[in-house]
Amino acid sequence: MARNQELYDAISKGKRKDVESIVNKEIAAGADPVKMLLESMVPAMRDLGDRFSRNEVYVPEMLIAARAMQAGLNIIEPMIAARGHKPLGKVCIGTVKGDLHDIGKNLVAMMLKGAGFAVMDLGVDCDVQKFSKAVDEGAQAVCLSALLTTTMPYMKDVVAHFKARPNVKVVIGGAPVTQQYASEIGAHGYADNAGEAVRAVERCLGLAK
Amino acid sequence: MPSGVEGMSETMRVVFRVNGAEVVVEAEPGRTLAELAFEGDIPLNTACGGNGVCERCAVVLHEGAFVIGTERCAVEPGGRRDALACQTRPAGGRAVVEVPAASLLEERAQIHDDFVLPPHLHSPRTKKYVADVPAPDLGHAPADVERLEQALRRSHLPDGRFHVPLPVLRRLPAALREGGGRVTATVGPCGGRLSILALDPGDTSAEHLAVAIDVGTTTVVCALVDMTTGRILARAAQYNQQIRKADDVASRISLSREPEDLDRMRRLIVEDTLNPLIHKVCARAGVAPATITRLAASGNSVMIHLLLGLPPEGIGAIPFATVVSRHEGYAAREIGLDVSPTALLDLVPSMSGYVGGDITSDVYASQLLERHGLHLLVDIGTNGEMALWDGRRLRVAATAAGPAFEGAGLRHGCRASHGAIEHVRCESGAISWATIGRGRPIGICGSGIVDLVAQFLGCGLLTGVGRFDVDALRAAGRLTEIEGSQGAVRACRIAGADETETGQAIVLTEADVAEVLKAKAAVFAGTKTLLQQCGKSFKDLDSVVLAGGFARHLNLRHAAWIGLLPDLPVERFHVIGNGSLAGAYLALVDARAFDAFDAIVRKAEVVELNLTPQFEANFVDALMLPGMDESEFPAAMAEMGRG
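Line order of the protein sequences matches chains E and G. Position 112 (the first sequence) corresponds to 112 in my numbering; numbering is contiguous. Position 551 (the second sequence) corresponds to 760 in my numbering; numbering is contiguous.
Quick caveat, the hints were computed from the structure, so don't treat them as lab data. One should not assume that every hint holds.
Just some of the chain G residues that point at chain E, by a computed CB distance under 7 Å [as the list claims (entries may be wrong)]:
hint, residue
1, A459
2, S460
3, S463
4, A526
5, A723
6, V829
Glycine residues also receive a C-beta, built at the ideal position from the N, C-alpha and C atoms.
Whole structure, please, built from the sequences with the hints as guidance.
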């Protein structure tokens, strides 16, 4: 099965209801959900992320598309799990302690799912223990988000905590976060937008092309 | 000449109804109502120079034949038709035209410092009392202060001891001597007791001054108030000088972590912003700052903390705790304010770390809790704050709208000051604009941005996801590309390089539109989430109160076209201007104000939008133009021809 252009377009344009009906129709017709994910849905999000990085798409369109993608994933995720499909890797993501903002974090989570990762979304106001528990449960990378200059310093605590576990990679991002700050606190990866976040995680885990 | 002009009767008369009076002007054919109004010495506000752009010369046609633009219309006696005076020409016979006060130059809104007051009893928080203090004699020599108290009691002041601060006591002997026993005491509440805040020799009761302050994140406004009459003697506004260090509230918290940094922030607001403003209003009114004995300020919680030199770090992270929320009677001298050494400062109490005293002020000034039915209040600034009153419960919330509507964060955005494009009109490919102060444009401020996005959407230059229709833009001759840090960005040219003050073309980029979408989505989703919490929707709203400088100049229909404000008839919107300054003013002259503030704070239930599950879905829905669910915008869709 090659790319389902209709599904690809519906995700790119953020048409949530169309995505749901196309996915349901395909499944009913006996399509393989894993192939649908990898050949149509993942490329749609990945291409959108690339266009985002090139300034051809902006945050509003990304969020609208991400929600359409999520609607499709909600249908096929249980089927994929049942087939024992092996994800690209397992990552956890959360907004750091003190911070309630999660729209940006959710977009990154969506992009990671869209790239083929198994994503444990830990939500907002996450402390070190929460991230640590996710790592115990198999997360290879820890993604941290902060939207406020006041909550960003907690990232340093999380990075310091995982110093003792060199196999765990910490990737950080969010409005006030910079590459300089990431280097300063010793994070393994940094991304300044949602599309870049996927590449940063892939690089840290040695998956980047 | 068109034949219609020949058919006009010889005598053509326009009756202007202004401020309850009638002004009759003999009309020559072909002249606009605006020109005729000027002939009758009616100070009509034509901010855009009569180009039909600023819509400030709105009049109501009550009778007569007219040509509006190119359209002919006849209004029967007693009828009503809204029109712009600068675009309307009388076309024969007698015409009756009403000029609303809002369209007159004297009533023109000033930037940031105009506000609407609710009815209130003028009962100033401090009053001046003249006392004739008998001289002591050898047989009977009670302390000076006891003789003063006795004399004050004869001025109908309540019984009991007054609190007399040490600086006032020190002044007492000299004041008694200089005034020959006659002194004027300024008396007001402080910490639950009556306090003598100042003492002057002689009778100075004719001059009793106070200052009301709105401490905004971006702009600070001071008003000098005559406490005896309630009149505002002078006003002045300037940027909050903390902007030099950081634009937004969270960054200012981060920059105040160390005590010396916090003190630097305090000095920026007190010494570099408030003291110059106090001097400015005093100079304008011809009085000395040292005669000011009471001040009241309203602002968001972080601004108030920084003004008092309190560490704001608790507001920076969950659970966003403030150091204090209710504050009265701080010694102005301890804060560093350059007024009378015994002056006191009161602050409007806040509801939470992110819903501050400025919103408490808005709620009181708009009399939100006096209203029956369902009422929404929205204050759009760097943060968008909102309050929903359903007759029983008051739900409040704050959302990070971002500064797009203050003109910040956009390529050619600017604040609403001289040279800002504040209104735009797009008609069949032509774009015309009006700037504040009529000067050459320097950028586009919030109200202009809303006009642009709305009308571009209406005429198809923008798509529902905020992207330009490149072919249409090219056909209109306005497509341009701007080099950005990450490559070229598509943009629409609004004003050519030869037309602007800067000599640089003013453009609107797709990235700018994306910023506007995020800002308007935050406000719309916030209000929708509050409504959902009480099981209501937009159509159930009986009124929408709009506070803040941005809303004063906003075209309400355009705000509905882009899905910033609910699509409701304009009569349901009440624009109250700078409600924060109104609250500070009322804190000075309305003795009931502080009880009312406390009642508002007690009633307020803070809704944490980021923890409310529907908020994110509402936000993503609202990122579309006007919104994902077009049925929420029936009138707007029809007006845009997309219904």
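For each hint, the structure was consulted:
This hint holds: A459/G has a C-beta 5 Å from the nearest C-beta of chain E, less than the 7 Å allowed. Taking 7 Å as the C-beta cut-off, the interface hint given for S460/G holds, the closest approach to chain E being about 5 Å. Residue-level restraint check for S463/G holds (minimum Cβ-Cβ distance to chain E is 4 Å; threshold 7 Å). A hinted interface residue such as A526/G counts as satisfied when its beta carbon comes closer than 7 Å to some beta carbon of chain E; here the least separation is about 3 Å, so the hint holds.
With 7 Å as the threshold, the beta carbon of A723/G comes within range of chain E, its nearest partner Cβ sitting at about 3 Å, so the hint holds. At a threshold of 7 Å, the smallest CB-CB gap from V829/G to chain E is about 5 Å, leaving the interface hint in force.
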